[in-house]
Amino acid sequence: GAGVSQSPRYKVAKRGQDVALRCDPISGHVSLFWYQQALGQGPEFLTYFQNEAQLDKSGLPSDRFFAERPEGSVSTLKIQRTQQEDSAVYLCASSLGGLDLTEAFFGQGTRLTVV
Amino acid sequence: DAKTTQPTSMDCAEGRAANLPCNHSTISGNEYVYWYRQIHSQGPQYIIHGLKNNETNEMASLIITEDRKSSTLILPHATLRDTAVYYCIVRGPYTGTASKLTFGTGTRLQVTL
Chain F
3 GAGVSQSPRY
13 KVAKRGQDVA
23 LRCDPISGHV
33 SLFWYQQALG
43 QGPEFLTYFQ
53 NEAQLDKSGL
63 PSDRFFAERP
73 EGSVSTLKIQ
83 RTQQEDSAVY
93 LCASSLGGLD
103 LTEAFFGQGT
113 RLTVV
Chain U
43 DAKTTQPTSM
53 DCAEGRAANL
63 PCNHSTISGN
73 EYVYWYRQIH
83 SQGPQYIIHG
93 LKNNETNEMA
103 SLIITEDRKS
113 STLILPHATL
123 RDTAVYYCIV
133 RGPYTGTASK
143 LTFGTGTRLQ
153 VTL
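From first to last, the protein sequence lines are chains F and U. Residue numbers for the first sequence follow this note's numbering, so the first one is 3 and each next one is one higher. Residue numbers for the second sequence follow this note's numbering, so the first one is 43 and each next one is one higher.
Just so you know, the hints here were simulated from the structure itself, not pulled from any lab data. Incorrect hints may have been included.
[Unchecked claim] Cross-link-like lysine to aspartate or glutamate pairs, in silico, EDC-like; alpha carbons within 20 Å at most: (1) U:Lys94 x U:Asp53; (2) F:Lys59 x F:Glu73; (3) U:Lys94 x F:Glu105; (4) F:Lys16 x F:Asp26; (5) U:Lys45 x F:Glu46; (6) U:Lys94 x U:Glu73.
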């Protein structure tokens, strides 16, 4: 596709519900990042994939958060037993990777509201 | 990655140049200065990056001081569509997870008629 696509754009979940957020990166991009953005704050790193390998999950706030990228393209961020503090915009970014310092391209994000 | 300091907000009249400052006094010799912006309800968008020389592209110019401790992003003719939060980010020439971006709170630029 032309850019990074995320779905759904908006998600309302009841507390305790499980949610799955999808990211379609730019075709051929090796690196994929997930970020969480709370209201009024800058995005914060959650996890990183190089192709299908999840090489860094140091930013995931709890074991309720799980991400996968099984075939090295589409990625899913899953949040189990959602809590109100999980309400945020979840951003996905992809880049070519490598040493060329190319920029990361971001999707429009999924706004999650937990009620 | 080095920490950056930006003003919380700025105003600019449409058609005038917008000059957004950033301090990064602890920047290392191999670290680059990146600028991204985030328009309301959208994901961050790459603008420009540089190491030590001034850079210009179709969106903006980046002026980095000789000591590299600060920089200025210049939007030469701001329009209402440039209203956004602008993030100055210092990033090393790393691959993989080390290439992740560390955002601060940025500068909220309001372009007015």
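Checked hints:
1. U:Lys94 x U:Asp53: violated, 27 Å
2. F:Lys59 x F:Glu73: holds, 18 Å
3. U:Lys94 x F:Glu105: holds, 18 Å
4. F:Lys16 x F:Asp26: violated, 25 Å
5. U:Lys45 x F:Glu46: Given pair lysine 45 of chain U, glutamate 46 of chain F holds - Cα atoms ~14 Å apart, limit 20 Å.
6. U:Lys94 x U:Glu73: holds, 9 Å
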